[in-house]
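Chemist: Chain by chain, the residues:
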Amino acid sequence: MTPLRNNRAALVGVLAGTACALGIAEHLVALPVPGVRLGLANLPVLVGAYILPPSATLLVAFMKALLVPLLTGNIVIKLALGLPATMAAAIVMVMTAKLSRILSPLSAGAAGGFTHMAVQLVTAGALFVQSRAIVAIAPWFLSIATLTGLVTGFCSLMLLRAYAKVYDTES
Amino acid sequence: MKSDRVHPVRLLDWAVIAALLIISAATVLFVPTGGERRLLLLSPGETRTVGFEDAVYPFPEEGVIIEVKDGRARFIEADCPDQVCVKTGWVSSCGQAAICAPNRVAVVVSCEEAAIDAIAE
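Which chain is which? The protein sequence lines are A and B, in order.
If you read the first sequence in our numbering, its first letter stands for residue 407, the second for the next number, and so on.
If you read the second sequence in our numbering, its first letter stands for residue 1020, the second for the next number, and so on.
Hints are supplied without guarantee of correctness; some may be wrong.
Covered stretches of chain A, going by a simulated chain B footprint (3 or more residues, C-beta under 8 Å) [what the hints assert, rightly or not]:
1) 427 to 433
2) 516 to 522
3) 544 to 550
4) 555 to 566
Partial pick of chain A residues on the chain B-facing surface, computed with a CB cut under 8 Å [unchecked claim]:
5) V420
6) T424
7) A570
Beyond 10 Å from chain A on every Cβ pair, some chain B residues (computed) [claimed, not checked]:
8) A1045
9) L1059
10) R1091
Source of the hints: derived by calculation from the structure; they are not laboratory data.
Heads up, the beta-carbon is just placed ideally off N, CA and C, and yes, glycines get one too.
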């Protein structure tokens, strides 16, 4: 952590930028089910949760949630659905990262994905779709989100190990 | 430092992941079954909305008979040549329909289903 203490602002920028790039790339990948994303854009947030202080991590998440909709269109709906979900997921991931003595980033990723989807479904239910359809899709969407979150967790696990190798730190 | 000692995967991880998946699957318990389904009986003169109680709805002028039984509906008889509606068989889930085009009669299962695709982008 020490080598980066003075570069925190830069690191926030790099992570937020990566998140935006991934978010846009992800936007181009069509998945069979609408509303489901791979969640790769959460990867930098998850990495941030382990190498940045909580406030900086939340800043990364906030910038990602703000910029990706701005750059990919359909701003209002994406902001309304994505911002609360992204922030909630970021908070959960930061908390899980604090428990790194008993939980690895795998859990953080899965919990983040789950939270993101759960909050998104609740928001969508409250704001847009007054329907039982939301409940009907919830089991599938939540399971998929947990699994894609697991993938994100695995990626960040690899990244964090590589990071530790480079900086030879105990993060 | 050996890099795989950083962030080792713990046993508790699998417990957390399993718990999340179980919670996800458990939300299936909250899915309401049936309830607000209605049957729309469409004929040239009128549109009737009926429930799923067992009943037989004859349409003498159009020459068809619709039967509702065990939460499902079907055409039991139609005097049209192709019998498409009768061959459609039972309809029961949201959006399903059996239609007799020549006689201009249809039975549609209507649910309070909002269009998910409207916001799903």
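Chemist: For which of the previously enumerated hints does the structure constitute a violation, in increasing order of number?
Modeler: Checked against the structure, the hints that fail are numbers 1, 5, 6 and 8, while the rest are satisfied.
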